[in-house]
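Chemist: One letter stands for each residue in the lines below.
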Amino acid sequence: AVVSTQSTGAMFGCDTFEKVIRTFRLARQSMGEIVSACEFMDRTCMKAVNEQLSLSSPFPDPHPFYFIVETSGSNQEHDMDKLEAYVGRVFEEGAADDGVLATSKDQAARLMALRENIAPALKQLGYNYKYDVSLPLGQMYSLVEKVATRVRGSEDECLSLGYGHLGDNNLHLNLVTPHYSTEVLGMIEPFIYEEVAKLRGSISAEHGLGLKKANYLKYSKDSEVIEMMRTLKEVFDPNHIMNPYKLLPWK
Amino acid sequence: MASLRVLVGCKRVIDYAVKIRVRPDALGVVTDGVKHSMNPFDENAIEEAVRMKQKKIVKEIVVASCGGTQSQETIRTALAMGADRGIHVEIPKGTDESLQPLAVAKIFAKLVEKENPDIVILGKQAIDDDSNQTTQLLAGILEWPQGTMASVVEHSEGKLKITREVDGGLEDISVGLPAVISADLRLNEPRYATLPNIMKAKKKKIEKMSPEDLGVDVTPRLKVLKVVDPPVREAGDKVPDVSTLMDKLKEKGHI
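Residue numbers (my numbering), protein chains in the order written: chain L, 1 to 251; chain G, 1001 to 1255.
If you are wondering where the hints come from, they were derived from the structure by calculation, not from laboratory data.
A couple of the hints might just be wrong.
In silico BS3-like cross-links for lysine-lysine, where the CA-CA straight-line distance does not exceed 27 Å [said to hold, decoys possible]:
id	chain 1	residue 1	chain 2	residue 2
1	L	Lys82	G	Lys1110
2	L	Lys105	G	Lys1202
3	L	Lys82	G	Lys1035
4	G	Lys1059	G	Lys1223
5	G	Lys1114	L	Lys82
6	G	Lys1114	G	Lys1226
7	G	Lys1238	G	Lys1110
8	L	Lys105	G	Lys1019
9	G	Lys1203	L	Lys82
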């Protein structure tokens, strides 16, 4: 996902996911259209970028969750005023447990770099099982916790973590093990898709279904809908030569 | 043990990440509507003062800035990083862009008389004029020792051990107090303004004054004649062999 060119930004440390949501909602309310990105990440993600890529956290102590907001309005001064007012509100209402404000573009870029470098940092830790799903806002982190519980029985050391775009209800759920394991894969697939379906989310939020998730489309769409999609595709691509094997479940 | 007092200087400049454009009148760069922030080296200066306070070497940090009304934002940022109070030497709009190091040094010399600090820390240079003069001029006016381009500052028994970044590498010096220091980039990693400190900063005092109040004449001694973009980089020439290369070099007068 592309995170926009920053103008100013702030990052908050939150001790519960519920506080992340409160801080996020305040951002929408206080700053409206100048908000260009709302990202969250958990403590495991922050630890990964700190240790693997030597990018330092702005906070001396770790927090279970971090929320980053970035603004890109057309008037720099108004943006800064709005951002300061928002930050003041977050503090007064106790919506977050700690926060920092970027006072220069360089600082804003460095805050966003913590979020943008999670994927490269995770690669250093072992094999990554990556899931890009969308869920109702309140449930976004619950899936990470369910996966952590689910893999507890496995032999391998598993790290279940999450980060993503709050504004789009998009969770990037990752499981990290030292090496690839079919046992672990079996524990989480189709479990993750079933859980997403139960919460009425989407199994593919921004990265598309492609090849790997085509057979899981049934977790997000009814069979009638899938048949309708197939019918339409037959009209335009009777010989199945356009983007074969992607999107629709293989017959 | 904290007994020392520090005066730190900061300047509001065009943000380091902004693409600069030369003004149509070629006498400067466009500043209207352009993002400004604290000079990066000044962030290092303030950070160092705050660290010394955390180590209980310093008991009070006063931050001062010379500039237009908006310099107050920069002072607020310094207060949010941990400075205790601020001084804004207000320069009227129109003359703020022509404020030069000698005038700033004279102003700071007067502030030193007023505040009596043991250490003055400034950023090594401002990224708009790249002068790298104020610290040195100030030290000269005050007749105080100076440690410029500091990348390490250690305090011990009333003296400061400073490591300076110089062309040949690193130089270690020892200066007695009171002294003037200029901060280099590698001195420290400046902290972010944290929420509780931003809120506290709103209540910290910023004293306002003018150069006249300090008895300083800020009339510029240097006049900018012209500001132009650097020449556009030209494409190079590819040559087939060494003798052609030698001919070309001779032809262009390089050898």
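Chemist: Given the hint that Lys1059/G pairs with Lys1223/G, test it: the Cα-Cα distance must not exceed 27 Å.
Modeler: violated (41 Å)
Chemist: When you check the alpha-carbon spacing of Lys1114/G and Lys1226/G, does it fall within 27 Å?
Modeler: violated (38 Å)
Chemist: Would the hint linking Lys105/L and Lys1019/G be met if the CA-CA limit is 27 Å?
Modeler: holds (12 Å)
Chemist: So if I understand the rule, the pair passes when the alpha-carbon distance is 27 Å or less; does Lys1203/G with Lys82/L pass?
Modeler: Distance of about 19 Å is within 27 Å: holds.
Chemist: Between Lys1238/G and Lys1110/G, does the CA-CA distance stay at or below 27 Å?
Modeler: violated (59 Å)
Chemist: Regarding the pair Lys1114/G and Lys82/L, is the alpha-carbon distance no greater than 27 Å?
Modeler: Roughly 37 Å separates the two Cα atoms, so the pair is violated.
Chemist: Given the hint that Lys82/L pairs with Lys1035/G, does the C-alpha gap stay at or below 27 Å?
Modeler: holds (15 Å)
Chemist: Holds or violated: Lys82/L with Lys1110/G, Cα cutoff 27 Å?
Modeler: Judged against 27 Å, a Cα distance of about 37 Å means the pair is violated.
Chemist: For the pair supplied as a hint, Lys105/L and Lys1202/G, confirm whether the alpha-carbon distance does not exceed 27 Å.
Modeler: Distance of about 22 Å is within 27 Å: holds.
Hint check: violations occur at hints 1, 4, 5, 6, 7; the rest are consistent with the structure.
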